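Participant: Sequence order for the protein chains is A and B. With this note's numbering applied, the first sequence covers -14 to 365. With this note's numbering applied, the second sequence covers 34 to 259.
FYI, nobody ran anything at the bench for these hints, they're computed from the structure. Be a bit skeptical, because a hint or two may be false.
Unchecked claim - Straight-line alpha carbon distances no greater than 25 Å define the calculated SDA-like cross-link-like pairs of lysine to any residue that follow:
1. A:K271 <-> B:S144
2. A:K271 <-> B:L104
3. A:K271 <-> B:D54
4. B:K149 <-> A:R285
5. A:K144 <-> A:R156
6. A:K271 <-> A:A4
7. A:K271 <-> A:I283
8. A:K357 <-> B:D54
9. A:K357 <-> B:V95
10. A:K357 <-> B:D97
11. A:K271 <-> A:K96
12. A:K96 <-> A:F(-12)
13. A:K357 <-> B:N42
14. A:K357 <-> B:P168
15. B:K149 <-> B:L212
16. A:K357 <-> B:T88
17. A:K271 <-> B:D97
18. A:K271 <-> B:T145
19. B:K190 <-> A:E360
20. A:K271 <-> B:H166
21. A:K271 <-> B:Q123
22. A:K271 <-> B:Q170
23. A:K271 <-> B:E196
24. B:K149 <-> A:V(-8)
25. A:K357 <-> B:L212
26. B:K149 <-> A:R(-10)
27. A:K144 <-> A:P181
28. A:K271 <-> B:G108
29. A:K271 <-> B:Y129
30. A:K92 <-> A:A158
Since we're looking at a predicted model, the values are computed, not measured.
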Amino acid sequence: MMFWRLVFQLLRGSRGRLAVAILAIVSGAAVTSALLNLDLGVQNKLTQEFRTLGANIVISPPDVQQSVDGGSAGPVLFDENVLEIGIESVPEPNVVASAPFLYVIGKAAEKPVVIVGTLMDELRKFEPTWQLDGGWISSREDATRCLVGQNVARQFHLKPGSSLRLTYADRTAELTVSGVVSAGGPDDSQIFVNLPVAQRLAATGGVSVWQVSVGGSPKVVADYAARITAALPQYQVRPIRQVAEAEGALLGRIRLLIVSMVLLILILTALCVLGTMAALAMERRKDVGLMKSLGGSISRIVGIFLAEVGVLGAAGGLLGTILGAALSYWMGLRVFGTAIAPRWEVFPVTIALMIVVTLAGALPLRMLGNVKPAEILRGA
Amino acid sequence: MATLVRVENLRKEFGNVRALDGVSFRVDAGEWIAIMGPSGSGKTTLINILGGLDTPTAGQAVVDGTDVARLDEAGLTRLRAEKIGFIFQQFHLVPYLTAVENVMLAQYFHSTTDEKEAQQALERVGLRDRLEHLPTQLSGGEQQRVAVARALINHPKLILADEPTGNLDEANEEIVLSLLRELHIEGHTILMVTHAPSIGRLADRRIEFAHGHLVQAAASLKPELA
Chain A
-14 MMFWRLVFQL LRGSRGRLAV AILAIVSGAA VTSALLNLDL GVQNKLTQEF
36 RTLGANIVIS PPDVQQSVDG GSAGPVLFDE NVLEIGIESV PEPNVVASAP
86 FLYVIGKAAE KPVVIVGTLM DELRKFEPTW QLDGGWISSR EDATRCLVGQ
136 NVARQFHLKP GSSLRLTYAD RTAELTVSGV VSAGGPDDSQ IFVNLPVAQR
186 LAATGGVSVW QVSVGGSPKV VADYAARITA ALPQYQVRPI RQVAEAEGAL
236 LGRIRLLIVS MVLLILILTA LCVLGTMAAL AMERRKDVGL MKSLGGSISR
286 IVGIFLAEVG VLGAAGGLLG TILGAALSYW MGLRVFGTAI APRWEVFPVT
336 IALMIVVTLA GALPLRMLGN VKPAEILRGA
Chain B
34 MATLVRVENL RKEFGNVRAL DGVSFRVDAG EWIAIMGPSG SGKTTLINIL
84 GGLDTPTAGQ AVVDGTDVAR LDEAGLTRLR AEKIGFIFQQ FHLVPYLTAV
134 ENVMLAQYFH STTDEKEAQQ ALERVGLRDR LEHLPTQLSG GEQQRVAVAR
184 ALINHPKLIL ADEPTGNLDE ANEEIVLSLL RELHIEGHTI LMVTHAPSIG
234 RLADRRIEFA HGHLVQAAAS LKPELA
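Bound conformation, chain A alone (with noise of 0.2 Å):
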């Protein structure tokens, strides 16, 4: 209880000095809270934007004709149930979502439109980041609702509940809006539908392309890729490994840029602690010579000495976690147009640091280990 009486007292009585060092933790947990908060936050981010992107993995028949055009020439397209085997033989716990599509090019309201068969209770796990107007189709059973495009809802005037009839040569689909997707992209130009709706439609069993959401680093899913393509040796089986090299190369890049600044930090804000601690190992002098007289041990001394800077950096490291957070939403949306929102995992590790960093620049009060009390007391 004293203990801690001294240590609150030491900090209330040298908090003038003491300023200019909890003024360096501060800055230095706000900076690497903000920089740890966009290392973790990045990734998330190009995470999604990735996933935004939907299948990195697509698998065709060589030179397939992807889409049935309005009931002219009989359509490339293949069995889903072989592709299913091949694929189910392929185990891959990182698969996210995976799924037949068959493109049709149909009509609504005597206009040419896109429609996409495939199973819609994996849409939603292809595409996350969709915003949505109304309600997802969650059972691939489901024959009478559809997703359509903002784009086509707002050529045909659609909205969640409407009605919409899809005609491919003489056959028609009675279909009720389910929802409109807004995803920034050509999706929004299309309607989607349950697999069998498009099927019936153009009058075919077969489907277009299989696609494979697989989540992970690039080399997970150029592996699978390659197990598929040994398991399926008479498919094309195409990684989208672009945008994988990229998003692994930015990453290595982002985060060899964070850590170096991390430990810049990290250093300087213990030069500044320090320098501040230098000073205050020679004002404590006194205190020590006469803490030693009356018979006090220099372990028991410096541990109290020690505690304080413990707080200093802990609370320090504390306030400036907060607006380290604060700041990496804005910086987020400075720099990357997009907020971060604080990871709760960078808290301890922010405080733990500065906790080290202030211990460290807490060398010099090793110097007070040397006070005489009799040369002190003597010429204070």
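Use these hints to put chain B onto chain A, whose structure you have.
Facilitator: Chain B alone, transformed into the frame defined by chain A:
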């Protein structure tokens, strides 16, 4: 009375300067000794050695059966905490601690703190209303009374007072001397450095120094043993 302090042929050198040169004397438990002499005569050096703040170059300085000259740093620390109570001319209070906390600091380094006991010690020296005041909020006399309370709080065997009234006005000097008189009557052993003959005469004995030598002892009630 049993001997509490025994100094035998004590020598202390600072480079070529001999601050103490073969000093010998004894102090019985319960005695009040005035150590007198001009500046630089070795009075404070003697007090520092007896209090474990400094070590002698040669000779013996035995306090309550312990030869200070033979103690290591840890031993000196324990000696100061358990057997010695210091009163300095410049008070030497920790500036960011209140009066009661300054007294508790001595308790903390001795064993455990007892705030009530510390408050009682301050009440005894007339500072009931100054418990939570910082040293800067106290007069010189009040600061010295805090120092007296701090010196007493661990019931030391030996009180070492180095010019305890040197920085005080007449009124506060009288208050502090009254406290020392009370302590003496209660049986405390006091070694007090002073320049003032009038204060020295309050002691049981005076030991006078010049140039590191003991030039006169037993000026008062008891025979010197050097």
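Participant: Are any of the numbered hints broken by this structure? If so, which, sorted upward?
Facilitator: Hints 3, 11, 12, 17, 25 are the ones this structure does not satisfy, whereas the remaining hints hold.
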